[in-house]
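When you get a sec, could you build the whole thing from the sequences and use the hints?
Residue numbers (the numbering used here), protein chains in the order written: chain A, 1 to 355; chain B, 1 to 355; chain C, 1 to 355; chain D, 1 to 355; chain E, 1 to 355.
A few of these clues could be false.
Since the list can't tell identical chains apart, any single copy or any two copies may satisfy a pair.
What the hints assert, rightly or not - Calculated cross-link-like contacts (lysine-lysine; reagent style DSS-like; alpha-carbon spacing at most 30 angstroms): (1) K61 with K103; (2) K103 with K227; (3) K352 with K290; (4) K61 with K162; (5) K61 with K159; (6) K159 with K53; (7) K53 with K103; (8) K290 with K353.
Everything labelled a hint here was simulated from the structure, so no lab data went into it.
Each chain is listed here by its residues.
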Amino acid sequence: MKKHLKNSAKRVGLPPGTLLHVGELRAAQVSVRQLEYGELDCREQWLDLSELKSCYNPMAKDRVNWLHIAGLHGVSAVEEIGACFNLHPLVLEDILNTGQRPKLDDYGDYIFLVVKVIYRPAAGEATTEQISIVLGENFVLSFQETDYDLFAPVRERIKSGKGRIRRLGADYLAYSLLDTIVDNYFVILEEMGERLELWEDRLIIDPDRDILAEVYSLKTEMLFLRKAIWPLREVVNALERGESRLFRDTTLLYLRDVYDHIIQVIDTVETYRDMVAGMLDIYLSSVSHKLNEVMKVLTIISTIFIPLTFLAGVYGMNFKNMPELEWRWGYALFWAVIIIAGLAMVRYFRIKKWM
Amino acid sequence: MKKHLKNSAKRVGLPPGTLLHVGELRAAQVSVRQLEYGELDCREQWLDLSELKSCYNPMAKDRVNWLHIAGLHGVSAVEEIGACFNLHPLVLEDILNTGQRPKLDDYGDYIFLVVKVIYRPAAGEATTEQISIVLGENFVLSFQETDYDLFAPVRERIKSGKGRIRRLGADYLAYSLLDTIVDNYFVILEEMGERLELWEDRLIIDPDRDILAEVYSLKTEMLFLRKAIWPLREVVNALERGESRLFRDTTLLYLRDVYDHIIQVIDTVETYRDMVAGMLDIYLSSVSHKLNEVMKVLTIISTIFIPLTFLAGVYGMNFKNMPELEWRWGYALFWAVIIIAGLAMVRYFRIKKWM
Amino acid sequence: MKKHLKNSAKRVGLPPGTLLHVGELRAAQVSVRQLEYGELDCREQWLDLSELKSCYNPMAKDRVNWLHIAGLHGVSAVEEIGACFNLHPLVLEDILNTGQRPKLDDYGDYIFLVVKVIYRPAAGEATTEQISIVLGENFVLSFQETDYDLFAPVRERIKSGKGRIRRLGADYLAYSLLDTIVDNYFVILEEMGERLELWEDRLIIDPDRDILAEVYSLKTEMLFLRKAIWPLREVVNALERGESRLFRDTTLLYLRDVYDHIIQVIDTVETYRDMVAGMLDIYLSSVSHKLNEVMKVLTIISTIFIPLTFLAGVYGMNFKNMPELEWRWGYALFWAVIIIAGLAMVRYFRIKKWM
Amino acid sequence: MKKHLKNSAKRVGLPPGTLLHVGELRAAQVSVRQLEYGELDCREQWLDLSELKSCYNPMAKDRVNWLHIAGLHGVSAVEEIGACFNLHPLVLEDILNTGQRPKLDDYGDYIFLVVKVIYRPAAGEATTEQISIVLGENFVLSFQETDYDLFAPVRERIKSGKGRIRRLGADYLAYSLLDTIVDNYFVILEEMGERLELWEDRLIIDPDRDILAEVYSLKTEMLFLRKAIWPLREVVNALERGESRLFRDTTLLYLRDVYDHIIQVIDTVETYRDMVAGMLDIYLSSVSHKLNEVMKVLTIISTIFIPLTFLAGVYGMNFKNMPELEWRWGYALFWAVIIIAGLAMVRYFRIKKWM
Amino acid sequence: MKKHLKNSAKRVGLPPGTLLHVGELRAAQVSVRQLEYGELDCREQWLDLSELKSCYNPMAKDRVNWLHIAGLHGVSAVEEIGACFNLHPLVLEDILNTGQRPKLDDYGDYIFLVVKVIYRPAAGEATTEQISIVLGENFVLSFQETDYDLFAPVRERIKSGKGRIRRLGADYLAYSLLDTIVDNYFVILEEMGERLELWEDRLIIDPDRDILAEVYSLKTEMLFLRKAIWPLREVVNALERGESRLFRDTTLLYLRDVYDHIIQVIDTVETYRDMVAGMLDIYLSSVSHKLNEVMKVLTIISTIFIPLTFLAGVYGMNFKNMPELEWRWGYALFWAVIIIAGLAMVRYFRIKKWM
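Right under this line is the structure:
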């Protein structure tokens with residue numbers, strides 16, 4: 001979460017619009033995959049860097065041209081694509097800077113979206129990366145840091161020709177990408193929900209200290225989720241209100257659906273935050289309560305035996321003239337006093353509800 | 001509360017509009033009950049799936065057609081009704097997905113409402129389910145997860161012809177359903193209020209640890225209520241402002257009444273939240289205070305007897321040459337010292353207000 | 001505060017507009033007092049239920065007709081008045097339901113206000129009740145739960161003909177009732193302020209546990225005040241902005257004055273809330289601090305005497321061959337060691353600032 | 001802070017507009033000082049009550065007439081001035097009621113401002129009072145509770161003819177009074193800042209209990225400042241937006257400057273609040289930490305010596321048949337066991353990082 | 001952070017517009033550096049105070065005149081520049097008062113910006129100062145407290161003629177200065193992030209008390225950052241919305257970029273605040289937990305040995321008639337009782353999960 005800051009600092013003093021990859025190296029090599037389709041057919045290919053110049057035909061209004069670029073350290077690839085699709089230098093700079101906040105910039109001919117995705121690959125850790133999407137009239141560019149195939153389901157749907165997707169143009173494709181990204185949040189939320197449920201039960205049965213580390217880690221993850229999803233909400237809200245002419249009315253209905261999903265994610269994150277806060281309160285109260293229990297035991301034992309020990313110490317003294325020691329029933333009397341005193345104290349603690 | 005997330009995750013990768021029941025199986029079988037009424041008569045019947053196609057006559061403008069569907073796993077029933085009433089695929093998808101947030105979508109010819117209800121059946125636990133309502137010009141569709149007969153009072157009123165309900169059309173019926181749902185919140189709030197009062201008294205008399213589990217459970221329930229009722233407020237507010245032409249002016253007055261009730265529920269939930277937070281504070285302070293009490297007892301006892309025990313120990317030593325042991329009044333002097341020291345310490349604690 | 005919920009639940013399933021008294025029985029009998037006045041004269045009388053039908057003459061535009069109804073269990077009285085002044089069924093329902101939130105409903109010909117009042121009778125407890133006010137062009141209806149004569153000062157002013165009140169019409173009368181209600185809040189706030197000041201002083205001199213119960217009770221009372229006064233603010237704000245034509249411009253200036261008073265009440269309640277929260281913090285810190293003090297005493301005593309007691313115990317052992325016991329200055333040496341060790345420890349605690 | 005409430009309650013039941021001084025008696029006698037100036041000359045005089053009637057000449061459009069009234073218990077003086085300048089009864093009532101919240105009322109011909117000032121006289125305590133300002137086209141009335149000469153610098157500037165003040169009319173004079181009032185907040189804030197810095201240092205070196213009382217007193221003072229300055233912000237904001245025609249464009253620039261100062265005061269108060277909250281957190285953590293330290297010492301000492309004392313007690317027993325007592329190296333062995341056990345425990349505590 | 005308040009208080013009583021340097025003396029001497037450039041050439045020189053009068057040629061519309069003044073105690077230099085560029089007295093007053101809040105004042109012909117910068121010189125401490133920027137049609141004035149060469153990269157870019165900067169006029173220069181200032185925030189944030197990460201790890205491995213001072217210092221630094229950056233957000237937002245005609249459309253795109261950066265800084269600061277709060281919670285819980293551990297050890301040891309010591313004390317008594325002492329297996333029996341009692345208690349603690 002803090003990594004991008006280390007890199008943003010690298011840029012200090014550089015003129016704006018300088019292309020420089022800011023972020024970790026997360027993909028082995030840069031790959032560009034093109035999917036070009038119309039209502040009837042669909043062509044998929046991997047593009048070489050040298051082919052990028054001629055990859056776009058602005059005249060083919062009825063076809064959609066989807067370029068997916070994985071790996072952002074290839075500054076020259078991004079530059080070529082920028083030249084080919086006529087993108088503003090600030091857009092290219094933002095694509096390469098992986099420390100962006102989700103946002104929407106409308107450049108008239110195209111809109112530029114930055115989104116954060118969080119997903120869990122089949123085997124592995126939850127991963128987060130930045131996805132940049134450029135939507136034009138008949139093209140969609142998507143830029144991803146790693147080469148994890150996040151958008152495979154969308155590509156499959158296009159290739160198989162199932163559903164509306166082949167008919168509904170570039171804006172519907174952009175919506176589909178957004179929808180896939182938001183759907184991945186639910187997977188992570190579901191995991192969190194399961195962890196919360198688990199700890200909720202442990203908290204009641206046996207609150208132990210591990211809960212602290214877990215709570216801290218859950219809280220930090222939720223901070224990340226909030227930071228990613230709150231600005232996304234504004235982005236999708238702006239789109240859904242129809243502020244850009246690139247989204248047609250039929251697609252707006254679907255964007256509203258994505259918007260509802262985002263609100264649901266936010267709602268759930270907020271609920272989880274409240275629950276975690278509540279769990280921490282309960283844990284702290286439990287710790288206090290346990291301390292009380294421990295101290296009561298200590299106090300009861302000490303209060304009963306310390307005075308008795310004193311009495312035993314007294315009759316262990318070696319004074320010459322201690323009449324009690326000579327009494328016939330001295331020892332028996334001692335025990336009688338001890339037992340009565342002990343019982344009196346037990347009674348006292350019972351009244352005080354400490355036992 | 002977390003269940004629906006587990007299911008929402010199931011949808012990842014599916015194209016939007018795919019009909020898939022997301023949620024638990026909560027009703028034994030799908031049942032469709034039709035109530036068709038005009039000002040003068042009223043006809044009730046259970047519909048078979050095969051009859052769904054012909055259940056709607058859009059021409060009968062002066063009659064109201066209310067279809068109540070219990071059990072959402074019957075995807076085909078929902079599909080048939082969707083086709084018959086010409087509903088958008090996203091509406092059908094949302095009806096089947098029980099993890100929705102309360103919302104209002106206006107599709108022009110009809111409006112689509114998602115609401116959460118919480119009720120307590122005659123014998124049993126508080127139950128929550130999602131109710132979807134579709135209101136058209138002369139029809140109301142209501143979809144419920146279980147087959148609990150929530151809307152019985154409304155149906156009875158229609159059948160008996162009492163009140164305004166037979167005269168006032170489909171929008172008044174939709175209002176009546178909403179009113180019933182909101183009324184059920186009050187029952188739950190009343191129970192909460194009683195539990196709060198009970199614990200409030202216990203807290204002052206004898207704060208014990210059970211309060212923690214109770215506080216956590218009350219807090220979680222309130223989180224749920226808030227999550228259900230806050231969006232409902234926006235929904236009813238939008239309706240009440242007359243944004244949809246399907247609600248006539250006479251009904252708007254009644255919606256304002258429902259809106260007032262919702263605000264009252266929200267107010268009460270917020271008050272209860274503040275009270276629970278206050279109770280937790282008081283509990284924590286009580287625990288601290290009790291710890292203090294316990295520690296004072298321990299400290300008083302220890303401070304009095306530990307030095308005395310030391311003194312007794314000293315005169316229990318076996319040194320050859322201990323003149324005090326030989327003194328005639330040695331033992332008496334010992335007791336004198338002990339008693340004076342003891343009294344001095346008691347006095348000291350009195351001054352310090354520990355006793 | 002929770003009572004009204006128990007009663008609201010009673011309404012579940014009833015059709016809207018059903019007249020049913022929801023609330024406790026708080027007045028022995030229903031009484032209706034009429035004050036009818038113009039600029040020059042004023043007539044006061046108690047009305048029988050049978051006279052209610054003819055109590056209103058809508059033609060007497062230049063006279064004000066004030067009906068004050070005390071005791072809400074008289075459903076039929078409310079019904080008669082409703083019929084006579086032509087009120088909407090929902091208004092009558094709301095008048096009878098004492099669990100309302102302060103609100104303003106504008107019905108065109110008249111406006112309907114629900115307000116909460118809190119007052120302390122000459123001898124007795126702070127009492128809260130719901131006042132409903134209906135203001136028409138030349139009439140004011142006021143409904144009160146108990147028969148406490150809250151509006152006596154207003155009535156006296158009318159009868160004595162002092163001030164502007166006889167000249168300024170029904171809206172000025174409604175304003176005067178509101179003003180009286182808001183003034184009563186100040187009395188309660190003053191009491192709270194005195195209690196706060198008292199506890200503030202005690203907190204610094206000698207924080208004890210009673211403060212907890214007091215803090216909880218103050219907090220709960222403030223919750224009630226907030227719940228009553230925040231919506232009232234919106235109500236008066238709406239009136240003061242001149243949204244209703246029933247209030248004339250000259251009266252609006254006076255409403256602005258009431259509005260200022262309400263803001264002042266809110267401000268004070270918020271300040272008190274912050275002060276109470278601060279007091280609780282201080283109390284908790286004091287408890288922690290005291291615990292520290294107690295523990296220091298215990299630790300100092302234990303740390304000094306426990307090792308010394310051990311040493312005394314050693315020389316109380318009965319081993320055959322203990323050379324120290326035979327030494328001539330053994331016992332003196334023992335005391336020397338004890339005293340030096342004791343002083344060293346006292347010094348150590350001085351350095352650690354525990355003594 | 002609570003005093004005015006006690007007095008506001010006095011008003012309950014009085015008709016609005018009744019002139020009654022609400023507040024303490026804070027000035028020995030009522031004094032009225034008139035400063036009348038144009039661009040070229042300036043005349044200052046003390047007015048008797050009898051002269052008040054003729055003190056104002058509305059025709060002298062190019063001259064400014066500033067009346068400063070110190071001491072509010074002179075109800076008749078306020079009444080005379082009200083009559084002379086034709087002020088609304090509610091204005092006079094508000095001037096005399098010192099429990100007002102800062103506010104702005106625009107009466108068309110004049111505007112009425114209520115402001116709270118806080119200042120520290122050369123020798124003495126921080127004092128707070130209410131200043132009421134009435135600004136007309138060519139006059140300014142300022143009402144103050146005490147006779148402290150708060151506006152001396154402004155008067156000096158007018159008399160010496162320095163700066164713009166003689167040329168710029170009544171609105172600039174009102175601005176100058178406001179500016180003087182806001183400047184006085186900075187003096188108080190500076191003091192608070194110094195106290196905070198002092199305690200910040202003490203907190204780190206040696207947190208003791210006095211900090212609690214100080215924190216509580218700082219918090220209460222800040223509550224007062226907030227209560228005085230937040231509404232003032234709205235007042236000046238409304239003026240600065242040019243809502244009143246009495247302020248000319250050239251003066252608006254200066255009002256923006258005052259507005260910036262108010263924002264700065266608010267900012268600083270909020271920062272201080274956060275710092276105080278942070279200090280309390282640190283103090284509480286310190287107390288907990290110290291308790292831990294104390295308890296560790298107690299536990300170490302007890303854990304080492306209590307078992308050893310037990311062992312010494314065992315060999316002090318008088319059983320007939322205790323073979324160890326007869327051993328030749330019994331006593332030496334005892335010491336060996338004691339020392340080894342002691343060292344083992346010290347090591348254990350080292351590993352646990354308690355020592 | 002509090003320093004400026006001490007100085008603001010100095011101004012009390014002075015007429016507005018009086019030029020007076022408020023702040024510390026932070027630069028050895030006042031220096032004025034002029035950079036005058038057009039698209040083709042660029043001239044840099046240091047100006048003497050006597051040359052300030054003639055430094056500006058308003059007619060050279062196509063050239064940019066950048067004056068950078070370091071050191072604010074030179075009141076006369078600021079006055080000369082003010083006269084030469086025709087600035088309002090309030091602008092000059094604000095430039096000299098280093099306790100300003102970031103703000104934007106639009107004076108029509110020029111706009112006046114106050115900004116806070118925080119930077120870390122190559123070797124040294126984080127430093128904060130106030131930068132005032134005045135932007136006119138063809139000039140930029142920048143005022144800085146110290147002589148640290150903050151804007152060196154911008155000057156270099158102008159002199160080398162690289163990038164757009166020579167072509168894009170005075171507004172682009174002002175943007176470049178803002179961009180440099182905001183970039184410096186990232187450097188500080190990166191450092192904070194590293195400190196946070198460091199402490200996060202320490203917190204989990206070994207929470208010790210140093211964390212408190214660190215948390216307090218981090219919190220205070222964040223308070224400062226927030227105070228500097230939140231108002232800056234509003235300033236840049238107002239500029240970016242194109243409210244001033246001095247910023248051309250091409251530059252607005254770049255301002256949006258700066259705005260995005262500011263939002264990112266705010267976001268990160270908020271996240272850090274939440275993380276610090278979370279760390280404090282965890283630390284406090286750890287302290288409680290550790291106290292619990294310590295107390296358990298003390299209680300176990302005391303509970304086991306105190307009763308046993310009592311028993312040993314009993315048989316150390318010197319009563320004449322103690323039959324147990326005479327028993328043959330008395331001593332062995334004593335040990336048997338001791339061991340069994342000890343084991344029973346250990347078992348009890350195991351069950352209670354204290355061991």
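A quick look at each hint next to the structure:
In this homomeric assembly, K61 and K103 come within 30 angstroms of each other (Cα to Cα) only inside a single copy, at 27 angstroms, whereas the closest approach across copies is 37 angstroms. For a Cα distance limit of 30 angstroms, the shortest separation of K103 from K227 qualifies both inside one copy, at 12 angstroms, and across copies, at 24 angstroms. Taking the shortest alpha-carbon separations for K352 and K290, both the intra-copy value of 18 angstroms and the inter-copy value of 11 angstroms come in at or below 30 angstroms. Taking the closest pair of Cα atoms, K61 and K162 come within 30 angstroms of each other only inside a single copy of the chain (22 angstroms); across copies the shortest separation is 39 angstroms, beyond that limit.
Proximity of K61 to K159 under the C-alpha cut-off of 30 angstroms is restricted to the intra-copy arrangement: shortest distance 20 angstroms within a copy versus 46 angstroms between copies. With identical chains, the CA atoms of K159 and K53 are at most 30 angstroms apart within one copy only, with a shortest distance of 25 angstroms there and 35 angstroms across copies. Proximity of K53 and K103 under a CA criterion of 30 angstroms is satisfied intra-copy only: 28 angstroms inside one chain copy versus 46 angstroms between copies. When the C-alpha separation of K290 and K353 is checked against a cutoff of 30 angstroms, the pair qualifies both within a copy, at 15 angstroms, and between copies, at 11 angstroms.
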